[in-house]
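Visitor: Based on the sequences and whatever the hints tell you, model everything.
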Amino acid sequence: MAPKLPRLEPDTAFFWTSGADGRLRIQRCADCGQWQHPPLPRCASCGSEAVSPEPVSGRGRIASYTVNREAWLPDMAVPFVFAAVELAEQAGLYVFTNLKAPIEEARRGLPVTVAFEQQDDVWLPMFRPEAS
Amino acid sequence: MIPLPEKSVCITGAAQSEVARPSQRSALQLTADACLAAIADAGLSVAEIDGIATYPGKSAEGGGIAPVSPSEAAEVLGITPRWILASSEGFSHMAPIFNAVTAIACGLARHVVVFRTVAQASARRQARASTLLSGGRDRVEGNNAWTVPFGAVSPVNTFALYAQAYFDRYGADEAQLGAIAVTSRAHAALNPAAIYREPITLDDYLASRVVSSPLRLYDCDAHVDGATALVLSHRDAAADLRNPPLHVEAMGMAVGGLWTGRHEGDFTSLPAAHRAGEMLWSRTDLTPDRIDCAQIYDGFSIFVWLWLEALGLVPSGEACRFTEGGSRIGLGGELPLNTGGGQLSAGRLHGYGHIHEACVQLWQRGGKRQVAGARNAIVSNGGYGYGAMLLRRD
Chain A
321 MAPKLPRLEP
331 DTAFFWTSGA
341 DGRLRIQRCA
351 DCGQWQHPPL
361 PRCASCGSEA
371 VSPEPVSGRG
381 RIASYTVNRE
391 AWLPDMAVPF
401 VFAAVELAEQ
411 AGLYVFTNLK
421 APIEEARRGL
431 PVTVAFEQQD
441 DVWLPMFRPE
451 AS
Chain B
57 MIPLPEKSVC
67 ITGAAQSEVA
77 RPSQRSALQL
87 TADACLAAIA
97 DAGLSVAEID
107 GIATYPGKSA
117 EGGGIAPVSP
127 SEAAEVLGIT
137 PRWILASSEG
147 FSHMAPIFNA
157 VTAIACGLAR
167 HVVVFRTVAQ
177 ASARRQARAS
187 TLLSGGRDRV
197 EGNNAWTVPF
207 GAVSPVNTFA
217 LYAQAYFDRY
227 GADEAQLGAI
237 AVTSRAHAAL
247 NPAAIYREPI
257 TLDDYLASRV
267 VSSPLRLYDC
277 DAHVDGATAL
287 VLSHRDAAAD
297 LRNPPLHVEA
307 MGMAVGGLWT
317 GRHEGDFTSL
327 PAAHRAGEML
337 WSRTDLTPDR
347 IDCAQIYDGF
357 SIFVWLWLEA
367 LGLVPSGEAC
377 RFTEGGSRIG
387 LGGELPLNTG
397 GGQLSAGRLH
407 GYGHIHEACV
417 QLWQRGGKRQ
427 VAGARNAIVS
437 NGGYGYGAML
447 LRRD
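Heads up: the protein sequence lines correspond to chains A and B, in order.
Counted the way this note's numbering counts, the first sequence spans residues 321 to 452.
Counted the way this note's numbering counts, the second sequence spans residues 57 to 450.
It is worth saying that the hints were derived from the structure and are not from the lab.
Just so you know, these numbers come straight off a predicted model, no measurement behind them.
Hints may be right or wrong, so weigh each one.
[Unchecked claim] Chain B side only, calculated, beta carbon under 8 Å to chain A, not exhaustive:
hint: 1; residue: Val-132
hint: 2; residue: Trp-202
hint: 3; residue: Phe-206
hint: 4; residue: Val-267
hint: 5; residue: Ser-268
hint: 6; residue: Gly-317
hint: 7; residue: Arg-377
Ideal Cβ positions, reconstructed from N, Cα and C, are used throughout, including at glycine.
Guide: Written as structure tokens, this is what we have:
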């Protein structure tokens, strides 16, 4: 269980509901091709308003991670791995997530793939080690 | 060319209220205690103060992070301000200082009191519901929405990512990081106002519990109740006051990266903090080798490495070896660091403890922790927005 779910806001709802069809989506600029996350009403690179969600491969690598051992909330199960994943589509394109694997498997550079967890109307993009 | 505004502005007074965990005094009382003491320290009367500013203003949210507005502080102090500011965004908690500098340089005010009050110790004893630490099923929004659903409820989780990436890239280890907490505590032992003064050893550090790897309990600062106040004055009005004026030799500021949720770089540096550092050094003839003490933001210990490198005090990737063993950052070292104990041991005054300590050192009030002959101090502030100042005494 996630401790708290994200509010579905107009600019971000697509990201949190994208997993309904099993695919992760990230905002992309149709004019210059740049991906950006978190989403914005215009492209941070070229200024175009032609930005919209596009499916990504769901693959990436662990850019960094931490093993959280503090139970911040009464029903929080610890330890768990909190990580930043750099998506395969673009250097520096990060999403935060949990690594769904034993904590000792966490390492920088680990290839991972998305694995959604649905809670209510939210599909949380979790990641697990890519099958070798 | 427009003259640099900070060259017209000095710090003329500085003071702190009681700092406690918790304090029996209200946030507004603590604010008045600090402001009145700072005004008296400058040798001014309340009637001579014509500006007031704070970070961030007043909010019911955040568990005591924003308990006092500048308007109510002005009322309690008896100030009739011509210039007032609550700065809730921007260049770390230094933003109201930078704005006060520009207001003074432009002639909008002559003597400005800038305060920062925190009441996080009291707030968390009363109710965790004012923070993210409640068990309710309410939803999170804004930047918190990107991290909290994954259990990263505390900023320690985000900054642990930086610590781990730094460890991996530069081959740093726990002992090198732990030297910051150990050295800070040794300095706090010489600071009567610090909240944690019992010395700790590296073994104590390594035995402390891991909160979010690789960061341990002693890598995290501590909630307190307390207020810090500074008086900033125009240079022309500073010469005849009680203290030797502390010139704001240079200031640097930047936002980006974490502030917007859009990460820059590879988690081994804070690129926006580097921009603040570049701005700072572009506005002075002083150079890093002239710095007598460094008061570096340490909400988490890892910030110290990131800021030392961002400010060019240590080459990138070298901060871990610089802090190792603690001798170079101790009081007799080449760069005495967080000489009052920093936030790790003197309490989370949100950067203002660091500024206050820089003033203490430059005014030679450090007692047993005094850095002999300190003339130039550098101060940095912030983990999400970034500000840095160079203070100089003639």
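Visitor: If a hint holds in the structure, say so; if it doesn't, say that too.
Guide: Here's how the hints hold up against the structure:
For Val-132 of chain B, the suggested interface contact is broken, since its CB lies about 35 Å from the closest CB of chain A, more than 8 Å. Given the 8 Å rule on beta carbons, the hint for Trp-202 of chain B holds: about 5 Å separates it from the nearest Cβ of chain A. The closest approach between the C-beta of Phe-206 of chain B and any C-beta of chain A is roughly 5 Å, which is under the 8 Å cut-off, so the hint is satisfied. The criterion of a C-beta within 8 Å of any C-beta in chain A is met by Val-267 of chain B, whose closest approach is roughly 5 Å, and the hint holds.
At about 5 Å, the closest approach between the beta carbon of Ser-268 of chain B and any beta carbon in chain A falls short of 8 Å, and the interface hint on this residue holds. For Gly-317 of chain B, the interface hint holds, since its Cβ comes within 8 Å of a Cβ in chain A; the closest pair sits about 5 Å apart. A distance limit of 8 Å between C-beta atoms decides the matter here; for Arg-377 of chain B the minimum to chain A is near 20 Å, and the interface restraint is violated.
Taken one by one, the earlier hints fail for this structure at numbers 1 and 7, listed in ascending order.
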